[in-house]
Amino acid sequence: MSKILGIDLGTTNSAFAVMEGTGPKILENAEGNRTTPSMVALTKGNERVAGLLAKRQSITNPKNTIFSVKRLIGRSFDDEQVQGDLKWLPFDVQKSSTGGVEIKMGDKWYKPEEISAMILGKIKADAEAKLGEKIEEAVITVPAYFDDTQRQATKNAGEIAGLKVRRIINEPTAAALAYGLNKKKDEKIVVYDFGGGTFDVSVLEVGDDVVEVKSTGGDTHLGGDDFDKKMQEYLVNEYKKQEGIDISTDFLALQRLKEAVERAKHELSSSTETEINLPYISSDSAGPKHFVMRLSRAKLEDLVSVEIEKSVKVMDQVIKDAGFTKSDINEIVLVGGQTRMPAIYEAVKKYFDGKEPHLGINPDEVVASGAAVQAGIFQGDVKDVLLLDVTPLSLGIETLGGVSTKLIEKNTTIPANKMQTFSTAGDNQTSVEIHILQGEREMASDNKTLARFILDGVAPAPRGVPKIDVSFDIDANGILNVSAKDQTTGKTQSVKIEASTSLSKEEVEKLKADAASHADDDKKKRELVDVKNSAEQLIYVSEKSIKDAGDKAPDEIKKKIEEKISNLKSVKDNNDLEAIKKATDELSTTIQELGKDLYKEEKPPEAEKKEDDQSAPTEGE
Amino acid sequence: MDDIQEEKEIDETQEYLDGWKRAKAELINYKKDEDKRVQHLVIYTATQVIKEFLPVLDSFDFALNSSKDEEEKKGMILIKGQLEEVFKKQGVERIKVSVGDEFDSNIHEAMNQVDIDDKKMEGKIVGELIAGYVMNGQTIRPAKVTIGKIN
Chain A
153 MSKILGIDLG TTNSAFAVME GTGPKILENA EGNRTTPSMV ALTKGNERVA GLLAKRQSIT
213 NPKNTIFSVK RLIGRSFDDE QVQGDLKWLP FDVQKSSTGG VEIKMGDKWY KPEEISAMIL
273 GKIKADAEAK LGEKIEEAVI TVPAYFDDTQ RQATKNAGEI AGLKVRRIIN EPTAAALAYG
333 LNKKKDEKIV VYDFGGGTFD VSVLEVGDDV VEVKSTGGDT HLGGDDFDKK MQEYLVNEYK
393 KQEGIDISTD FLALQRLKEA VERAKHELSS STETEINLPY ISSDSAGPKH FVMRLSRAKL
453 EDLVSVEIEK SVKVMDQVIK DAGFTKSDIN EIVLVGGQTR MPAIYEAVKK YFDGKEPHLG
513 INPDEVVASG AAVQAGIFQG DVKDVLLLDV TPLSLGIETL GGVSTKLIEK NTTIPANKMQ
573 TFSTAGDNQT SVEIHILQGE REMASDNKTL ARFILDGVAP APRGVPKIDV SFDIDANGIL
633 NVSAKDQTTG KTQSVKIEAS TSLSKEEVEK LKADAASHAD DDKKKRELVD VKNSAEQLIY
693 VSEKSIKDAG DKAPDEIKKK IEEKISNLKS VKDNNDLEAI KKATDELSTT IQELGKDLYK
753 EEKPPEAEKK EDDQSAPTEG E
Chain B
1094 MDDIQEEKEI DETQEYLDGW KRAKAELINY KKDEDKRVQH LVIYTATQVI KEFLPVLDSF
1154 DFALNSSKDE EEKKGMILIK GQLEEVFKKQ GVERIKVSVG DEFDSNIHEA MNQVDIDDKK
1214 MEGKIVGELI AGYVMNGQTI RPAKVTIGKI N
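Residue numbers (the working numbering), protein chains in the order written: chain A, 153 to 773; chain B, 1094 to 1244.
Hints are computed from structural coordinates only; laboratory data are not their basis. Keep in mind it's a predicted model, so treat the numbers as computed, not measured. Ideal Cβ positions, reconstructed from N, Cα and C, are used throughout, including at glycine. Possibly wrong hints are sitting among the right ones.
Label pairs and their calculated CB-CB ranges [stated by the list, open to error]: (1) B/1161 with A/247: 55 to 61 Å; (2) B/1186 with A/175: 36 to 42 Å; (3) B/1192 with A/423: 53 to 59 Å; (4) A/277 with B/1142: 28 to 34 Å; (5) B/1113 with A/650: 20 to 26 Å; (6) B/1157 with A/215: 33 to 39 Å; (7) B/1192 with A/215: 23 to 29 Å; (8) B/1184 with A/284: 23 to 29 Å; (9) B/1095 with A/627: 25 to 31 Å; (10) B/1184 with A/311: 39 to 45 Å.
Cut-off 27 Å, straight-line C-alpha distance, at most; resulting in silico cross-link-like pairs (DSS-like, lysine-lysine) [claimed, not checked]: (11) A/410 with B/1101; (12) B/1144 with B/1189; (13) B/1242 with A/260; (14) A/648 with A/684; (15) B/1161 with A/441.
Bound conformation, chain A alone:
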């Protein structure tokens, strides 16, 4: 079955996506971009182009370059909005015989849906080229305030482009779908959509898998482009003040500044200050002039604070229109590239008394992604007879110091297996206990014991030398097989645990919540154990070094080391992390002296080489 395309048909830009595997994926157009300008043109060479190519020639061909057609689709010519927009749209528009709108391109008159169809046609062709398969069906998004005629016209545009439109869905609904909010019960969602040229707010209510739009509002002429304009005006004025040069009449200078402003705006979303550096922007009698100015995030925020406040005010009204108060709202979704601006995020968060808006999906792509999610629902994807389960909690074993070492992380799709090699903690240890644990906590004692068994017959050897392979294998039914094998002797021991995943949903949630609330404490405990373990290891190595060095080690160094060892021993069983660290460091420095000393005296150092690799020069002696 061929894929269904999800399309965000925007006023200035469009995006499209398909469901791939378990998630939506934005497709790139033929020019390699993830968004496509919603523009169509008949070029001077009488060629019809859409997207970026139409945009590039728009200046030379304003009469035959059609954009913002979404402002006209499905509306009557006498509509107040249409009349307002006609004042600034550069192409010719007339009233059709049915009272609708007709747009002139070349010497033909087109309906808005025919123009939209040309954009959709390009999108279809680009998607087919990208996927290497035919696309016949689509889900297209429209603003929540679109009426039946506008929706029908958009649907017709799809059909003209050769796409069977499976459904027209609301943009805010698509945004909620992208975040999976349709699965929630009785939730109230606010979608705040600050695009390049338009601002929309919608309040949604989800119940029984149905998303209902409760109210909408916005400003059809407020957007991120206004921010660019404000920045540009400010910089032109500042430059005039500083250098006495007016670059607002210099076309090339202005063009360079415009691009620099766009870059600076993006940069100020992640850093607090940026530099606009445009060498040789202009010249006067004294020679060339450069444009170098620093712009802070605070300044940008100051420049556009009125617009941001305005958007919050609109949002407040829309929530009231829905009959809710802001405390009723459960989820907030941000859409549109401009919402990357920290000041917008903060303003929205502040309005909701600190409630965090959803983040994660690229705000430029969230609507198209949601349309693809809806398409995926129609597609049903591959019939999931083989429902693959996941392990709800991590599985692992207890290791030195009572630490829980995870072998299989939670949310791993099963069947799965994992092997890790462990060793012994003591010299000549001939058996090891495998203590199998389930849970997210750092310490073994805080997790659930699934089973224990002993692997004996390990060949006697110094600690850390034996190699014991522990493998976990969970089959599709959740049955866990744990085995341990001594690499040297080949001795194996194993256990089968039947119900490793059979926890009730509540139990799993409780355990996860538990782990989350103890995360900090656990981390500290874990760190303490790790430090204690390395302290013990160092004591062991140090004692061994002294013994091995025998008479070769000078007494004073030996004495110093012994002193440090006993010092470390005295603190290591207390729980003072810093004291243990300090004593460990001291011992470690001292033991290095022994190494240095030995190498100075010893000709070809052999036995000690293993212990001290820090100061073992390969040349010199």
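Mind docking chain B on chain A? Use the hints.
Chain B alone, transformed into the frame defined by chain A:
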């Protein structure tokens, strides 16, 4: 009864086998896609880096246009040449623009129009404002040009 049972089991087995094959095929396809994705990512990353450098090349152009000191110019041309050499190795080339060229939106972006008298130049390129570049055949930035217009 037994026949029905058996048929059901055969069906189920078929379904599982089908699912297994699909899963396996999907994994193989995923790996192939992943390879392509990685390759694409490498190109994409390189393109992004190159794009960040383009304004530096532009600045050389502006500097060369406004400098009158021949010695200084020579030095700048050499430094610019070094930079261009690096770009060339990455498959980046400057789009050649000459006065009188036909406008092509695949590689040109019209920034403004100027009045002209020569009818032959109507709709043609009369000047380059900012250079454009292609990288391995793909336009990474169109040349920004001025178009002639009969008043």
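Looking back at the numbered hints, which does the structure fail to meet, lowest number first?
Checked against the structure, the hints that fail are numbers 3, 11 and 14, while the rest are satisfied.
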